[in-house]
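Number of protein chains: 2
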Amino acid sequence: ETPTEFDIAEAEDFVRQHHAENPDLGKVEARLAEVHAEIAATGTYRHTTAELTFGARVAWRNSARCIGRLYWRSLKVRDLREVSEPADVARECVEHLRVATNGGKIRPVISVFAPEEPGSPAPRILNEQIVRYAAYRGKDGGVMGDARNLALTEEALRNGWQPPAERGPFDVLPVMVRTEGRKSCLVDLPPDAVLEVPLSHPELDWLEKLGVRWHAVPAISNMRMRIGGIDYPSAPFNGWYMGTEIGARNLADHDRYDLLPYIGKRMGLDTSSEQTLWRDRALVELNRAVLHSFAQAGVTITDHHTESQRFLTHLKKEEAAGRSCPADWSWIVPPVSGGITPVYHRYYDSEELLPNFFPSTPGTCPVQH
Amino acid sequence: ETPTEFDIAEAEDFVRQHHAENPDLGKVEARLAEVHAEIAATGTYRHTTAELTFGARVAWRNSARCIGRLYWRSLKVRDLREVSEPADVARECVEHLRVATNGGKIRPVISVFAPEEPGSPAPRILNEQIVRYAAYRGKDGGVMGDARNLALTEEALRNGWQPPAERGPFDVLPVMVRTEGRKSCLVDLPPDAVLEVPLSHPELDWLEKLGVRWHAVPAISNMRMRIGGIDYPSAPFNGWYMGTEIGARNLADHDRYDLLPYIGKRMGLDTSSEQTLWRDRALVELNRAVLHSFAQAGVTITDHHTESQRFLTHLKKEEAAGRSCPADWSWIVPPVSGGITPVYHRYYDSEELLPNFFPSTPGTCPVQH
Ligand code: HEM
Ligand code: HEM
Chain R
1 ETPTEFDIAE AEDFVRQHHA ENPDLGKVEA RLAEVHAEIA ATGTYRHTTA
51 ELTFGARVAW RNSARCIGRL YWRSLKVRDL REVSEPADVA RECVEHLRVA
101 TNGGKIRPVI SVFAPEEPGS PAPRILNEQI VRYAAYRGKD GGVMGDARNL
151 ALTEEALRNG WQPPAERGPF DVLPVMVRTE GRKSCLVDLP PDAVLEVPLS
201 HPELDWLEKL GVRWHAVPAI SNMRMRIGGI DYPSAPFNGW YMGTEIGARN
251 LADHDRYDLL PYIGKRMGLD TSSEQTLWRD RALVELNRAV LHSFAQAGVT
301 ITDHHTESQR FLTHLKKEEA AGRSCPADWS WIVPPVSGGI TPVYHRYYDS
351 EELLPNFFPS TPGTCPVQH
Chain Z
1001 ETPTEFDIAE AEDFVRQHHA ENPDLGKVEA RLAEVHAEIA ATGTYRHTTA
1051 ELTFGARVAW RNSARCIGRL YWRSLKVRDL REVSEPADVA RECVEHLRVA
1101 TNGGKIRPVI SVFAPEEPGS PAPRILNEQI VRYAAYRGKD GGVMGDARNL
1151 ALTEEALRNG WQPPAERGPF DVLPVMVRTE GRKSCLVDLP PDAVLEVPLS
1201 HPELDWLEKL GVRWHAVPAI SNMRMRIGGI DYPSAPFNGW YMGTEIGARN
1251 LADHDRYDLL PYIGKRMGLD TSSEQTLWRD RALVELNRAV LHSFAQAGVT
1301 ITDHHTESQR FLTHLKKEEA AGRSCPADWS WIVPPVSGGI TPVYHRYYDS
1351 EELLPNFFPS TPGTCPVQH
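As they're listed, the protein sequences go chains R and Z.
Letter 165 of the first sequence, counting from 1, is numbered 165 in my numbering, and no numbers are missing.
Numbering-wise, my numbering comes out as the position in the second sequence, counting from 1, plus 1000.
Among the hints, erroneous ones may be present.
Covered stretches of chain Z (in silico footprint by chain R; criterion: 3 or more residues with CB under 8 Å from a CB of chain R, positions within the stretch not fixed) [as the list claims (entries may be wrong)]:
#, segment
1, 1244-1257
2, 1327-1333
3, 1336-1345
Calculated from the structure, these hints are not laboratory results.
Heads up, the beta-carbon is just placed ideally off N, CA and C, and yes, glycines get one too.
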């Protein structure tokens, strides 16, 4: 295998951007000279704490698929670059959840672990998100749990994970971390680190009895953050949920929990014809349940109407700052009632800016659209 | 102005495609020689009836924004290339409506009028669709009718159109046709040529009393059809409606009839917070009303779930025929409940194929997204 060439131009661009957006940092030349010298000597360079914080926030700001970018400056950056042992990484993921959960008042947080360095591969988190529900295939071929995590669950079992004595549809998987060429390390998430919200509905009383729930913190843990030429393959980050992620995808997709046919039936809808729009009605009620339950539990969540408006505010602010704001229409437009959200009725910039987040495996998109 | 160069390669490609997909037509060389000679002599060529029919159907098949392409072979092609006088074009638009309406069993139809030819400009239909509702600006700045048609209504009034003595929100505009450099010609649509469906709801009885209605035939009349290098600027075509076009766009968009706030209030929903998803609930009920009313009136309509499934069938068929099927994700995914339709969860080919339909003014999209 050929050794990876360090992209010096990317490092330079980043350092210049950092200084350009923060004039109080003074002249950029001294820092550029340092970076050049360090790359020449070691094959890479180390970000200052300020660079890491700025870089992570801008990686968020540049995430074309994210509708939640208005608050990009508020991202809390945990500098854990000294942490590289898989067991330590897993333990810090637990701590990440505690910091982010904050008793329900969710805080956007990123934990940055050891970067890829010449001769020392970085640890990688196998979970797509820190909190994932297991999936078990039954004898009849059916699946209990989140079918999206079938492979992850098998990996956990292969590595010695003990599922609960009584398996259920919402068993939290352990965090799994691996460094190239070594065995995976598994750490169970302590129940008190995983805030969950039981689903109920403002009017449909039977919904509560289904035992459906979801976790409070969406922390994507398998994307690679790239800042100024340096790859951080383990840099889990979280915001708070937009309701549709749970109500229109996680709990609704055919290959996830697929709840709509059941909810439609329980609502007494005529499911014999598509023209009754029973799917759409069940979908709206499921999404109402999600927003209602999070609000009841005092856990931060946003709805797709509010978030669309916020995103337009963000676009205006970015424009006022003289920056382009790339956005991917098919990800920004919500999966429920897309046509009546204001983000539907316009085009967006489409170039790809750096720093940014990328799929773990180049060319693979972790969340299929 | 420089004379338009005829694109002989495009003509050739088309003639070859026509023969390739219809082997019974025999060898292509004779027809190619004819076309070459005709272009050399006259600066253009004339499609055979078979070519026109095939070309129009393939223009539909290649419409990347259209979810309804499964039935592309069924398009009825009215060859009206001899018709170029504006008044005659307008009258044939009336006839188009009658043929397409078919007592409610809507037929996909295209009427092809005189093409652009060297030295004789083609007539152009000013209406975006054959049937359009007028919009009147009130003294308070508010708009009655379909605000999208404010400019068209002004144009009609300027050209002598007499609106009804008592103006209403659903006054049908005349068909307006113009040939470059000449005065517009206006022809009123006879009421019996415009089938309309009054809106009612299976449960919400008050909805019927609002007097909301919509026309049965969506006939886009301002797109340019291009076949084998020849432009047909007047070639109105229609399918039947997909319910969301009416229920999620025409009657719901802020800058159209904007009915959701009113419907939400009449439904007694809590409109004080977005988190109640009152918009989504009103939207679903409005769309149920559309599908219900068309069904009651015996007028063909399709819902977005059924149509998404059909479109996937179409993709499979095209693939089996060895053809690529370009599709524009943001137009194919319905504006209601996008995430739970199967067309959401995939990518599409994106090249642009010919023959095809184009915005009337190059670079302008008649239907803004
Ligand atoms: C603060 C509240 C936030 C909200 C409401 C929000 C909302 C969203 C939504 C709805 C998506 C689409 C998810 C999907 O369809 O699967 C998304 C994607 C994304 N967001 Fe955010 N986000 C937030 C915070 C953040 C933060 C803190 C970061 C990074 C520091 C971030 C980076 C991203 C990225 C990289 C994606 C694309 C993920 C992928 O490709 O799978 N977001 N966001
Ligand atoms: C037979 C039933 C049909 C259905 C259900 C159907 C459905 C649709 C829908 C839902 C759209 C999107 C409209 C919008 O968002 O504004 C569309 C666009 C389109 N359809 Fe179809 N369609 C049908 C027939 C046809 C026919 C017969 C043609 C042409 C011969 C056609 C050509 C197009 C074109 C060119 C567009 C894009 C229009 C634009 O750019 O504004 N469709 N269709």
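Outcome of the hint check:
1. 1244-1257: holds (count 5)
2. 1327-1333: holds (count 3)
3. 1336-1345: Three-residue rule met by the segment 1336-1345 of chain Z, so holds; n is 7.
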